[in-house]
Every structure is written in C-alpha cells, then in structure tokens.
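Place chain F with the ligand on chain A using the hints.
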Amino acid sequence: MNQPKKLFTIIAFTENRIGLLNRITIIFTRRHINIESLTTSECEVEGVHRFTITTRTTEERAVKVVKQIEKLVEVIKASLHAEDETIYQELALYKIDALKIAADGTFTAFLNTLKKYNAGIQSAEKEYIIVQKLGRRVEIFMLLDALKEYHVLEFAKSGRVAMTRSANDLDQYLREMEATRAAEEIEAIGV
Amino acid sequence: MSTQAPQTAYKMKTPPRTMTGAEAVVACLLEEGVDTIFGYPGGAIMPVYDAFYDYQDHLKHILVRHEQGAVHAAQGYARVSNRVGVCIATSGPGATNLITGIADAQIDSTPLVCITGQVGSHLLGTDAFQETDVIGISMPVTKWNYQITKAEDIPAAFAKAFYIARSGRPGPVLLDITKDAQFNKLDFKYEPCTGIRSYAPYPKSRPDDIIAAASLLNSAKKPYILVGHGVLISEAQEEFRAFVEKTGIPVASTLMGLSAFPCDHPLYVGYLGMHGNYGPNVKTNQADVILAVGMRFDDRVTGNLASYAKQAKVIHIEIDPSEIGKNVKPEVAINADAKEALLALMPHVHERTHTAWIQEFKDCDAIEHEKVIKREFTLPENSIKMANVVERISRKTSGEAIVVTDVGQHQMVVSRYYAFRGHENNVTSGGLGTMGFALPAAIGAKFARPNDEVIAVIGDGGFQMTLQELGTIFQEETGVKIVLLNNNFLGMVRQWQQLFFDRRYSFVEMKNPNFIKIAEGFGITARKIEHPSELDAALDEMLAHKGPYFLEVVVEREENVFPMVPTGASVADIRLE
Ligand SMILES: Cc1ncc(C[n+]2csc(CCOP(=O)(O)OP(=O)(O)O)c2C)c(N)n1
Chain A
1 MNQPKKLFTI
11 IAFTENRIGL
21 LNRITIIFTR
31 RHINIESLTT
41 SECEVEGVHR
51 FTITTRTTEE
61 RAVKVVKQIE
71 KLVEVIKASL
81 HAEDETIYQE
91 LALYKIDALK
101 IAADGTFTAF
111 LNTLKKYNAG
121 IQSAEKEYII
131 VQKLGRRVEI
141 FMLLDALKEY
151 HVLEFAKSGR
161 VAMTRSANDL
171 DQYLREMEAT
181 RAAEEIEAIG
191 V
Chain F
1001 MSTQAPQTAY
1011 KMKTPPRTMT
1021 GAEAVVACLL
1031 EEGVDTIFGY
1041 PGGAIMPVYD
1051 AFYDYQDHLK
1061 HILVRHEQGA
1071 VHAAQGYARV
1081 SNRVGVCIAT
1091 SGPGATNLIT
1101 GIADAQIDST
1111 PLVCITGQVG
1121 SHLLGTDAFQ
1131 ETDVIGISMP
1141 VTKWNYQITK
1151 AEDIPAAFAK
1161 AFYIARSGRP
1171 GPVLLDITKD
1181 AQFNKLDFKY
1191 EPCTGIRSYA
1201 PYPKSRPDDI
1211 IAAASLLNSA
1221 KKPYILVGHG
1231 VLISEAQEEF
1241 RAFVEKTGIP
1251 VASTLMGLSA
1261 FPCDHPLYVG
1271 YLGMHGNYGP
1281 NVKTNQADVI
1291 LAVGMRFDDR
1301 VTGNLASYAK
1311 QAKVIHIEID
1321 PSEIGKNVKP
1331 EVAINADAKE
1341 ALLALMPHVH
1351 ERTHTAWIQE
1361 FKDCDAIEHE
1371 KVIKREFTLP
1381 ENSIKMANVV
1391 ERISRKTSGE
1401 AIVVTDVGQH
1411 QMVVSRYYAF
1421 RGHENNVTSG
1431 GLGTMGFALP
1441 AAIGAKFARP
1451 NDEVIAVIGD
1461 GGFQMTLQEL
1471 GTIFQEETGV
1481 KIVLLNNNFL
1491 GMVRQWQQLF
1501 FDRRYSFVEM
1511 KNPNFIKIAE
1521 GFGITARKIE
1531 HPSELDAALD
1541 EMLAHKGPYF
1551 LEVVVEREEN
1561 VFPMVPTGAS
1571 VADIRLE
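Going line by line, the protein sequences match chains A and F.
Note that the working numbering has the first sequence beginning at 1, numbered continuously upward.
Note that the working numbering has the second sequence beginning at 1001, numbered continuously upward.
Looking at chain A on its own, in the form it has when it is part of the complex:
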C-alpha cells in the first residue's frame, strides 16, 4: 500500500496496429498514473513494434499495469524493469543564442562546458548553435542548467531508448509461442 514511488521502465513488444498506443495509454490514465516518457519504434523482428515507457509509481501498481498491458490481445510481451536493470539513453537538443555568446565573448567557456558534459555541436548558424547530448536524464538536465547562462532558446528531449540487462531473444520467444500454439492445436484436434 505505502510503497515508495520509483521510476520504472516498461518495455512492450506489440503488433504494429492502429490504435495500440491509445489502448496502452488508457491503462495508465484510468489508474491516474502519469507516463513520464514514451518511445515507440521498430525492433529487430519485422512487423513488431517496441514501446519503451517510463513511469513513476509504486512497484505494486507498476506490476499491475504491466499485466494489463500484456493482457491486450495485440501485445506480444510486456516487462517491468527497475532503474538498475536497464541500460538506457536519452537524446537532448539545446538551441543556444549565438549572438549573445558573440556579444559576451564567452565562446571558449561555452566550449569547455560542452566538453565537461560530453556534449557536441550538432549545427551552428549565425543566430544560434544547436547542442546535442546523449545520456541519462540527470546529466541532460545538469547540462541544461549549465547552459542557462548562454541563454537557451529551445530545449527538447527524447523519451528513453532502453535495453534490459538480460539476454532475451524476442525472435526465439515468438518461435516458442508459435510452437506452443501449434501443439495446442494438435492436442485440440486430437491427432
């Protein structure tokens, strides 16, 4: 009941179907659980989509939400991961006021800041510079703080792209599912 709230990553593999995103988000909204970030993409198996969702909630609720997601007919598999069980990256872009850097003469300091945070320049125009940073959420926000003195015109961050620390093989899993199904069919037919 009174479990602490923690950040969890939910990974779901699904069929590529219209409306699935809606079905998944309904599960969260109905329980008043906020989705912190959400990324969808293709995965290593053709026709299968991958949802990576982060959410801050109690473990008990997170476990229940994952079961509800997995219950959806078109979801192949869903799993729950604590922070230390995942390897993840997020991507952030920062648009910095180039005119101000020029006016203040702070270009060297600016470059040092980027170096310190392991960030790079994605593109540079007369009026602005776009900085790119790949990393964890905390580092991304630390850099945002550090860049404030150069005037951040715009900031955008992606959701999480994550992998679990276990070696599971979706393709293998799908083949096993197919095999069980075929066996069940044979059993039902009574061959």
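Just so you know, the hints here were simulated from the structure itself, not pulled from any lab data.
Backbone N, C-alpha and C define an ideal beta-carbon position, used for all residues, glycine too.
Incorrect hints may have been included.
Simulated crosslink set (DSBU-like; lysine-lysine; CA at most 30 angstroms straight-line) [as the list claims (entries may be wrong)]:
1. Lys77/A / Lys1204/F
2. Lys1517/F / Lys67/A
3. Lys1310/F / Lys71/A
4. Lys1326/F / Lys5/A
5. Lys1160/F / Lys71/A
Quick partial rundown of chain A residues pointing at chain F, CB under 7 angstroms, derived from the structure [stated by the list, open to error]:
6. Ile26
7. Lys67
8. Gln68
9. Val73
10. Glu74
11. Ile76
12. Leu80
13. Arg137
14. Arg175
15. Glu176
16. Arg181
Example chain F residues on the side facing chain A (calculated, C-beta under 7 angstroms, incomplete) [stated by the list, open to error]:
17. Trp1144
18. Pro1192
19. Gly1195
20. Tyr1199
21. Asn1382
This is chain F with the ligand only, laid out in the frame that chain A set:
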C-alpha cells in the same frame, strides 16, 4: 470456453465465390454457426440488412426496440448457452446505444461479437452524418475491436473476432464496418482463426503449483472453496463437483458463480458478499486455506481488503493473469482454465471430510435463519415480501428455471433465496450492475434455450429502463415470464439512504404507471396482485401459462435486504439487522 477448440472436420458452409461485403458478413456469421442475431437497422448498416433479407431461413434476426436491448439480449443468449452472442446496430447513435451492454459484457466476461455500421471510409473523421468514433469509445470496454474499411478484410476480421470473443477469458469484441466495405465485392473464402501469436488464451498450470496447492489442501484444518463464474465459463461444473466431493471441502459461491454448484448439495454453504449469507462471509476470516476457483475477489465479495482473509493461505485458480494478485495475494497461483486446473489437481488431493468445520457453517446458518430468514419467509397477513415471492418461485420450479435478474434489492433477494440447481441458470448483471438488463437478457436467454422456463425478476425502477422490449416479446411471442416486484421505490438506493444517509429519501420514490395496461398494450397476459392470499395461485397461473406472462407483485415498500456488509467494513462484521 475450453471446449470450443478448433475443429478438425471444418466444412465450409459458404462455397468460395465473389460477393459483396454485406453478404460476406452474413456468410461469416453462418460459418461461425450463428443462427440468431439481435439488432436494429439504420443507414450505415443497410447493405447488411439487405443481405439478411436473403438469408432469413438460415439466420434469425430479432428486431429489438432499442440497441441496448440488442446487446443485453445477446448477453443473455451467450450466458446460458456458452456460445458467442451477436448483435448488430447502425453507426452513431445505434453504436453508442450498445456501449452499456458492451461494458457489462466486458466486466462479466461474456463472449459477444457486436457489429456496427460506419460511414463510408472517405468520410471518416469528417463529422459526417451519424459518424461517431465507436472504435475510440469502445476501446476501454472491449476485449478487442477493429474497423473494417475493405471488403476483402471481412472474413479474416470476423474469424479473429469470434476466436477472441470466446477463447481464454471471454469478452465482447466490436467490429465496425464502413459502408463502402459492405458494398464492395470480395472473393469470399472463410478460414476460422485458430490462434494469434500475440495472444495466449490458455495458460497451462505448472506441476509445481499443482503439488503445492494439493499439499496445502491436504493438510488444511479449515479449508474453504470459493466458486465463481470461471467454473461456468470453462464448463467445469462436473469436474468441480467431483473435486468438492472428493476433498469434502465446503463451497460458497459468488454472485456470478451461482448455478455452478447445486445450492441443495450438502457441501454448499451459501452465497458470498455484501448481501451474502452470514456463515460464508464470517468464515472467510477463519478458514486456514482458501481455494478460489474462477473468481476475482471483487470488492463486493471482499469488503475491506485490509481485513479480508488475512489468516488464510489462498490458492487462486484463474485464467486471466492480470487478476492474480490484483486484490488478494495468493500463496499459490494456478494460472489456468478452471477445468484444466481441477483435473490436474484431482489426483493429488486426498479424500477427506470436515464434519466439525462444516458444523461451524451450520451454526451460522441457524443464527441467520433465526434472525433473518425465518422472518423473511413468513408470509405477512396484509403484504407480500420479495423473499416470499422468490422462495415460492424457487420451490415451484425446483430451482431449475433460468432466472434473470435486474439490479437492486430484488436481485439480492433472488441471489439469496432462489436455490439454483440447474445448469447455468443464473443470469444477472454482476460486475456493472446495469439496471434495465433483465428484460432484454431474458429474451436472449429464451432464444438460446427455448425449452427452459425463463423468468425475469425485475424492480419497478429497472423495468422502466428497458420496458420497450415488451415490443420485442410481443412481436416474437417470446415465452418469458416477467415478475415485477413493485415497491414504488428505487429500493436499493432507498435502503442505503435509510441506513447511511439518515433516512433522507432523496429522489427514490416513484410515481408508477399502470403496468398492467402497459403489458396488455403489448398483447401480453398480465396480472397484478397485492394480497398474500393471491400469491400462490398467481405464480401457478404464470408458470402454467404458455407464452409470455407479466406478473406484478406489489411488495412491502420499505423492506431492507440483510445481512449486509456495509461498504468499507470487514466480511467478519456483516450485519444481520
Ligand atoms: C443504469 C443504472 N442506474 C442507476 C443504478 C443505481 N441503482 C442501483 S440499485 C437501484 C435501485 C433499483 O430500483 P428497482 O429497480 O426498483 O429495484 P429494487 O431495488 O427496488 O428491487 C439504483 C438506482 C444502476 N445500478 N444502474
């Protein structure tokens, strides 16, 4: 519905040929063995209705009076037959009128295929006449839904819909078909669906869990079985009975589980939950091992979870993994179909008796009898109580009629006093508690089992929510018996206002019409009784009558249903008065 496995000798009924999408819809229904469908026509579904015209000899279409009636009738049909119920409606208001019944079917695990017409695909998203996003609206209350925009997708979508609706934990599926998909042609060929890779409806029990469960049961001092709807869905009544008789364990039933186990069996101890029997509730907090079969620990069963069965080790047999550990943490979870799990457990459990423990239930029964039932069953001199009516119907039908109840006090009285002994003969809206359910659901039940007596027991409030379906009964001459228990109140709400809101009766009193005239207006034989002396004869007349019959019984205005577990209280604190 484990028995509905793919068949070997599948014979296509419709020879492959070119046809319109609309005809393909009918062909798909026939392929799936559908012979009865409940519906209401309208613009966006007219091509399918046109196809119905040619197939009247094969597919019986029942014209209801409101789409809510269609979906509830399909539910009633499905619930007593374990077949997929089918209903059909037009787009927009036709489709939205189905939603209540779909939500009801979802929470009560009822297999349905609901078909809705949709505007032409080029008009989707334009707010065209009678366009509504029924896929979006029904998403949270369907097991699956799908919009068909191409004629050639119809066979595969229907095959999948039927498969999903009836497999695993059953539920409602909605297919929304655009008008162009109904008009366009396709080469029809039907292949039943036998599996979907992302969907595993039949998890298998694990031997370790079976052994662990059996050893808990074998060494239990006060074992207790809670039976739910899952046993009926899995058609495991016989396996369940054999299991109970071998282990000698007392059985209590949830509302949805009634009729899974005969109420007159010596090991049956009663009905669980808010208005359930005294012993079954109180003993939940004294049993040492609880075996829950195909039930989901709904809050109406558990009362306050924090004080529910904390002393007991719980074994939960449940097909839906998301129900396991949702409300009650089991010691052993068996994620499987009820029949499969019971068959697996059977050889490992010992033959036992639990005489002293069962005596404890009997002692509770004696208390409940003294404090509640004796009074309930005594026929007063000048008025009739709901229990008098139900207890008599139960006796006169030997507990074997299909009883369809609406929602409210009368529903709880039926659950308490109708001694179900038949095969799947309890039909009620359990999870959603939908007033207006009973009349159309009774119609559907009668179509599924025309040779069984079907009795709808309804309150004066709920009856007025769907009484237009008397028109369907009139047209189809559906032989259902309707017992209206009229207390001139929204009784259950009034009871709560009396007990928990200081008797402040806020908008629960009803000025009722002349129900007899209404029924007679629909050509239905009708009778109204007010005096206890008339009761037996009126019931006998109703049961002897061929064809539909409407009996209004004026009952005591301010009766309360007891025992009662007040919301938020523990099952151990069930109130007897
Ligand atoms: C559609 C719907 N609206 C409201 C309710 C809330 N409700 C539950 S029981 C009840 C009273 C039912 O009265 P009646 O049909 O006369 O039956 P009684 O309780 O008197 O037997 C109401 C209003 C409901 N369950 N369903």
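Checked hints:
no. : hint                : result
1   : Lys77/A / Lys1204/F : holds (17 angstroms)
2   : Lys1517/F / Lys67/A : violated (52 angstroms)
3   : Lys1310/F / Lys71/A : holds (28 angstroms)
4   : Lys1326/F / Lys5/A  : holds (18 angstroms)
5   : Lys1160/F / Lys71/A : holds (16 angstroms)
6   : Ile26               : holds (5 angstroms)
7   : Lys67               : holds (4 angstroms)
8   : Gln68               : holds (5 angstroms)
9   : Val73               : holds (5 angstroms)
10  : Glu74               : holds (5 angstroms)
11  : Ile76               : holds (4 angstroms)
12  : Leu80               : violated (13 angstroms)
13  : Arg137              : violated (30 angstroms)
14  : Arg175              : violated (10 angstroms)
15  : Glu176              : violated (11 angstroms)
16  : Arg181              : holds (4 angstroms)
17  : Trp1144             : holds (5 angstroms)
18  : Pro1192             : violated (11 angstroms)
19  : Gly1195             : holds (4 angstroms)
20  : Tyr1199             : holds (5 angstroms)
21  : Asn1382             : violated (50 angstroms)
Checked against the numbered hints listed earlier, the structure breaks hints 2, 12, 13, 14, 15, 18, 21; every other hint is satisfied.
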